[in-house]
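S.K.: Here are the chains, one letter per residue:
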Amino acid sequence: MARGENTDAHGTGNVPAAAAAPAAGPAAAKQAGAGARGAEGQSVVRRLQSELMALMMGGDPGVSAFPDGDNIFQWVGTIAGSAATAYEGTSYRLSLAFPADYPYKPPKVRFETPCFHPNVDAHGNICLDILQDKWSSAYDVRTILLSIQSLLGEPNNDSPLNTQAAALWPNQQEFRKMVEKLYKPA
Amino acid sequence: MEEAMESEMAVMQYVVVELKNEGAGAGAHVAALAALCDVLAVAGDHLFYAFPITEFVGRLPQLVAAGEGDVPLFAARAIAEACEGVPLWAASFARYGAVEALRDKLLAIDCIELAEECLRALGIICKECPKECLRQGVAAAVLQFFDFVSMNKQKLVLKIVANVLSDFDAKDVDKAMEAAPALCNLLKSSDKTILDSAVSCLGMVSDGAGGSAKHMEKLYELNAVDSMMRLLENNGWKSLSDETLSHILGLLKDLASVSARAVKSLFELNICDLLKQMLTYYTSSHSDHDKVQTLVELIYHLMPPLEMCDHPTELIIAKKNVIIEQSRYVKQIASILTFIIQVAKSAALSSICYSCVVAIRNIVELSTPSSLVEVQKTVNLSSLLAGWLARKNRHIIFQMLNVSKTLLKKHQKFFVETFIREGVKHAIDTIVAQEKDAKSNRKQKGNNNLQESCLCFDLDLETSTNNTCRIDKGAILKLSEDIKRNFLVEGSAKSHHRFGCAFKSIKDFFSRLNYHAKAPPAKDQDLCKQLSDFSRQLLSDELPSTSNFEFVQSGSVKHLAGYLSNGAYFNSNLRNCQDLIGQLNEVKNRLQKFTHLALTVDNESSVKPLGILVEKLIDALHVWYDSFPVILADEQYTRESTMIPLRDSGTEQPTSLYIKFSRSSREEELDHYGRILPVDLSSTPESIEEVLLPEICKRTCNESAYKETIQEANGSRTSVGLRGDGPKSSRLKFSYKGTHLQSSATFFESILRSMHEGQTDLQIDPSFWDKEHKIKYRRRNKSKKISSQSSYNTQLSRVHEKLEMSLLKDPFFSTIFIGKLPGDLDESDPSYNFLFMLKVLEGLNRFSYHLSMDEKLCKFAEGYLQELDDLMVTISPIPRDQFVSSLLTNKLEQQMQDTLFGDGLIPSWCIYLVETCPFLLSFEARWKYFCLTAHHSFMTGEVSSSTETKKYSVIRSKILEDAVSMLNKHGSDTKFIEVEFDGEAGTGRGPTFEFYTTVSHELQRVGLGMWREDNTSQDCEAGFVHAPFGLFPQPWSSAKTSTRWISLSDVVQKFKLLGQLVARAVLDGRVLDIPLSKAFYKLMLDQELDIYDISSFDPKLGKTVIEFQALVKRKKFLEERTSKPAADLSYKNVRLEDLCLDFTLPGNPEYELVPGGSEKMVTLDNLEEYVSSVVDATLKSGIANQMEAFKAGINEVFALKTLRLFSEDEMERILCGEQDSWASNKLEDHIDFDHGYDTNSPPVISFLEILREFGREDQRAFMHFTTGAPQLPLGGLASLNPKLTVVRKQCDGKVDDELPSVNTCRHFFKLPPYSSKEIMRQKLKYVIKEGLGSFQLS
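Keeping their order, the protein sequence lines are chains C and E. The letter at position 31 of the first sequence is residue 31 when you use full-length UniProt numbering, and the numbering goes up by one with no holes. The letter at position 1333 of the second sequence is residue 1333 when you use full-length UniProt numbering, and the numbering goes up by one with no holes.
Hints listed in this document are in silico derivations from the structure and should not be mistaken for laboratory results. Accuracy of the hints is not assured; some may be wrong.
To be verified - Derived, one-sided and incomplete: chain E residues facing chain C with beta-carbon distance under 7 Å:
| no. | residue |
| --- | --- |
| 1 | Leu1101 |
| 2 | Tyr1131 |
| 3 | Val1134 |
| 4 | Cys1140 |
| 5 | Thr1144 |
| 6 | Pro1146 |
| 7 | Gly1147 |
| 8 | Pro1149 |
| 9 | Ser1158 |
| 10 | Thr1267 |
| 11 | Gly1268 |
| 12 | Asn1303 |
| 13 | Arg1306 |
Given the structure is predicted, the values throughout are model-derived calculations rather than measurements. Note that the Cβ used here is the ideal one computed from N, Cα and C, for glycine as well.
Using the sequences and the hints given, assemble the complete structure.
M.R.: Printed below as a string of structure tokens:
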């Protein structure tokens, strides 16, 4: 099929604007996305800034999050394992990527610190309903982080991503050992 | 040239001399003949004029017969060459004994070369003189050594036989029968063409034998029955060609009709099972009526004919004995009954229905009482009887009365009761009354001279012309009175009990429902519950057991219509009421309540009440068979009602009628016209008015304004022939023989109808076409009624503009709201009620999600629902195909097969149904209709120039650009467009298909600004937009028409291209590969979208705006109805301000919803404005330019509105074909099996089989259930990440009670190891259809 050969074909035709920049295509589109996240993306920026304020003022124990560098759409979060769980004493870093239509769509959240957990896969992807189809615009970074924190102590073993972890869960001592073994703090 | 000719003549002379010389040796003759053959083989036309044929005709056959050595061979060759050159000579040769000579040589079979030469010669001679050949026994002779000749010659042999047998006299039957043994032998052949010809030859033999018992018995002895049954059994009939199957069935029928032994063998070989399979197949395909007719006739002939039982012949007694001897034969034949009843139920033609009815009568006669009770329970024969008895065709009525009588005789107690309940008794009473009435009328007025065509002898083979109809005038009355007297008198009084009960409970139900609708539900929770329990009981328990007759007679349809329309249905004055909004809300309310009742079920296995209701309505509609008359012109159905003879048109002129228009005597203003106008069959009063009006208004009107129309009308026929586009205000009234003509029905149909008013059958003699038909015209009075109606309409349209819910703008809603079906359908027609109700229920079903979501919102507003998370719709609609009427589909199919359909012989009911109630007709039928009507010019053009295609060359690297210029240039061409790629070798279908696929892919590229999800798909490496719920246009703000890299005008251009591409693909039958969303298809079909449609392409956005909308409504409610301050309302415990939303489009901060929107924050107070602007931008204003361009693109090729008869699902099917969302053959490559399963586990094998059998919709539902999105990314299952994995579900209890479940994150499908494939299929279908809950959006 022509798919491969045509990556730069669609703009070069009768489209004057694109013809001026023949190397258009995905590259240009990416720039555009970044542009949208610049000064004009006020709605989302405003929202994220107010969330940041709320997080700093709220002082929830064990969760925190900050923008990653200059890009307000990219955050780094931290979760401390709750006391009296297998994760006690650990601290996990997560990345949060916000879409342009946040809060209508959920951010993409991933564990950056390797995490041995029934609902987290080897790449750090998390299976949590509020990050998928149960997302609501009323949720925010704080609720997401708190939900993940509680997920650590109460996994959903019925639909595991990490089947080994799910199998091991009933044996909390062994489980704790695995958590420690695989825990590599940044 | 001259020389060549001279030398040829010289050779000829030499040959003549040599051949005359009888004393010459064989060698000399051979040499001369060889020379002759050489000359003949290369001779041009001139030679044949000069050829001394008289010298040869006598001599050559002699030489064939008596020559020595190679002489016969060359003589035969010479004959063949000569006849090939001049076919006329063949007859001369035949006269001189050539046929005999060649036959003898063939039978002698000295050498194979000679035999083949003989065959060749005979092959030509038999075309010219088949009868001579037959008498000489050529047919049997050529077949004798069939196995010895080459494949090519075998085909020739069969051609000869076919020619010989094609048409023979009765006296030559014996000769023809000589060929039968060999032909029967050929039935075992594995070669398809040989088999086909053998069967067709046998068919000819049997046709010629004319049902003679002697010959048929002979055929039977040749094992014809066995051989043919062997071909049919084990689904063999499916692989036979259509024609061959027809021949075989015809042969079997002929055999069965005259041979009791054949009947016995057929039973022995289990013919009944085969018949059942075939009946089911052909009735569901709706198109092959002839096959169905033959099958029914075959069934009929398996039994002794009842009509003739009074004078039993040997054959009848023999047949009787065959069946009675073996009780299992009786059982076999009885088992067919239910199938043949289904055929009769949906038969579009009286003749087929009649045949069925006669067969039914025969079977009933043979069946045991207990099996008849069983039949009654499975197919409700009595209810159908009642329907048939209400028809107009007297032959059918007569036979049905006979069936009723037989049933009563067999099991009086049971059937008296059923007959009363199902309305058979009522129908018989009506017949008695009508007949008595007719009798007394006849005495007064003299005989009515219109007779219906007689069907009595349809099924008999001997067709002597002097048979008189068996149903004389008094027969029906006599029979029906007889039934009444003997069977239906006693006990009828007390049986009214049951009937009255159903009537009362339904009436009661609606009065309560009416009451319920008025009282606010909060007032009396108990009453509320009581009522809903009661309604559920009525809808799901009572309704199924209510007979059709009771259902119709109780008036429940009217009650329901009255209830749902809040009285508008009964009272047209209400249509003028002032409080439109209040009325609107009330009707909406009632629809919502009813939707809830009709679509809720107690458990997964029970049928939804709506399904039962629809089935009943369709059955009731079928009773009014005669409201939808099929009008046929074909000669082949001469027995059928409303028959018109085909006009014998030697010319290519389209058929037209001569109409003389004259001024009505009461008309004074208009001019006299008085000319005779030839009009198309498809012209209507509406269309003729444009032509006529300027002619007759000269005195009063402005002349020049009409000049153009006149010229056009005189210049071409099309302007007179086309139907009007929309409802125009007609100014003329036309009448024919005193009756007013409907302005939308064609003249042709109106004249036909009025000619046979009150009769079902009518034969028109050919003079119909030549005589002039007088139509009178007069000016239409401007009545007050119209003006009040129109003021109402303007009022309504003003309200319309303000309406936000799309369902309120759907034609179905205005139907229920006004209480009247659109169009000028006769409201007094008995079918009207049912069409009305079906239209309403279909709309209700289609909008069930919208209706119940809206209801939930209202409940939330009023405080009955506390949580926004409870805004979920749990009901799902019934499948749309439940609304399809098989009878009406059949009727339309039959009508479309008529040769005059293309010329415009389209009865107004066809047009009406297609336009107003398309859901009653199957998709296939509508598609055919679309092809025949919408593209009339295109399709007829195609016939004459089907080979004509427009070739266009495109360059692969700039395919979009080339596509634009190609479609701009040739988009509206009537030729097929074929595409080839520049510099590539391929042409034809392949590259053309690739072109459409490639262009549709190119239009999905990231960065074009066409589609939503464009921004979020950037990370995809493939560079294509992936819209999990289908593509929907991305909104563009009118304030900002370009960004740094694209401008709106480019986007608009692309949408125009897409429109052209879509239209061209529909027209040329090409397929696009573009996953458009259902909502986009709705827009394509000119439907409106509303807030509830957003979820179908963007569920997360849709969910949030619906929740916001609920808050808005709650706030309004609190402010209006209570003193409670609404200020503390929050969105899931979050203050709206804290969401930090501004007035820009979600995901597109540059799109300001109001001027300065990026600075305006959303608060509770302006939430309503925000929601409506988001909805408006997403569905209307933001995509208006794009959609306009898209539609314009389609309109360039054909009128967009002609697509309206399809639903969005069907549109997708047309455009994207039946292609699968996944490649079925590679299924196991793209699915992993884990946790207790591998590819060899039995449940996995069943699972894969089930998936392969899934249709497109099921596949999509499965993907939706498993991955959360119905649309796979481009590339299908293979590009799904992570890979779809099927794992074993651990079950504690009984495995077969468990349901499959999923993990959408990881695309895990957890499948319990069910005990059987059937259970697995059931459970899978259940979860993918019902398990989606709020996601379920069609």
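S.K.: For this structure, which hints from the list above don't hold up?
M.R.: Violated: hint 10 alone.
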